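Asks: Sequence:
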Amino acid sequence: MAAAAAEGVPATHREEPVRDDVAVETAEEAKEPAEADINELCRDMFSKMATYLTGELTATSEDYKLLENMNKLTSLKYLEMKDIAINISRNLKDLNQKYAGLQPYLDQINVIEEQVAALEQAAYKLDAYSKKLGLIAQSFCIIKFYESIKEIEKASDTGIRRGQKEYPPASLQLHVI
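Numbering-wise (UniProt numbering), the sequence shown opens with residue 1 and increments by one.
Simulated from the structure, these hints should not be mistaken for lab results. Since this is a predicted model, take the numbers as computed values, not measurements. For each residue, glycine too, the CB sits at the ideal point set by N, CA and C. Some hints could be false.
Simulated restraints on C-beta separations [claimed, not checked]:
| # | residue 1 | residue 2 | range |
| --- | --- | --- | --- |
| 1 | Gly101 | Cys141 | 58 to 64 Å |
| 2 | Ala118 | Glu153 | 47 to 53 Å |
| 3 | Tyr78 | Thr51 | 39 to 45 Å |
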């Protein structure tokens, strides 16, 4: 009732919960086990605790052994990588020395390449000039040919009038260059 009064509900209005289940557990008073049972239970508990702790320590010990092996392997791998890096460094130095030895030849190749480019340009200019010169020579020949034809025609007209049998006169025969 004190609980109901504390809640502010009058004791007469408080309803008791109704339980339909028949099997309600009842509290029993704890009885102390016999002295022999306590000793046996303690021994059992200590042996199980020892087994548990032994297992935990064994697992921890195995973890440390695994970690030690991993560290050894990592150390070996780092030593291998160090050797590889030393070899790469040595090879790189050798390559740099060889490149330095080849540098004068590479410079000569660059100079030759520039000279070849200049020579190629000169060849193109010479080719264009020779084509122009060929056209000029051809034009000159054509002009000379036409002039010769005109002189021959003129001479033939004059020679026919003079009664010459030679057509064209030997002095005006065409000379091909």
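Asks: It remains to establish, for every hint, whether it holds in the given structure.
Replies: Status of each hint after checking the structure:
1. Gly101 x Cys141: 58 to 64 Å: Given a distance of about 60 Å, which is inside 58 to 64 Å, the answer is holds.
2. Ala118 x Glu153: 47 to 53 Å: The hinted range 47 to 53 Å holds for Ala118 and Glu153, with Cβ atoms some 52 Å apart.
3. Tyr78 x Thr51: 39 to 45 Å: About 40 Å separates the Cβ atoms of Tyr78 and Thr51, which means 39 to 45 Å holds.
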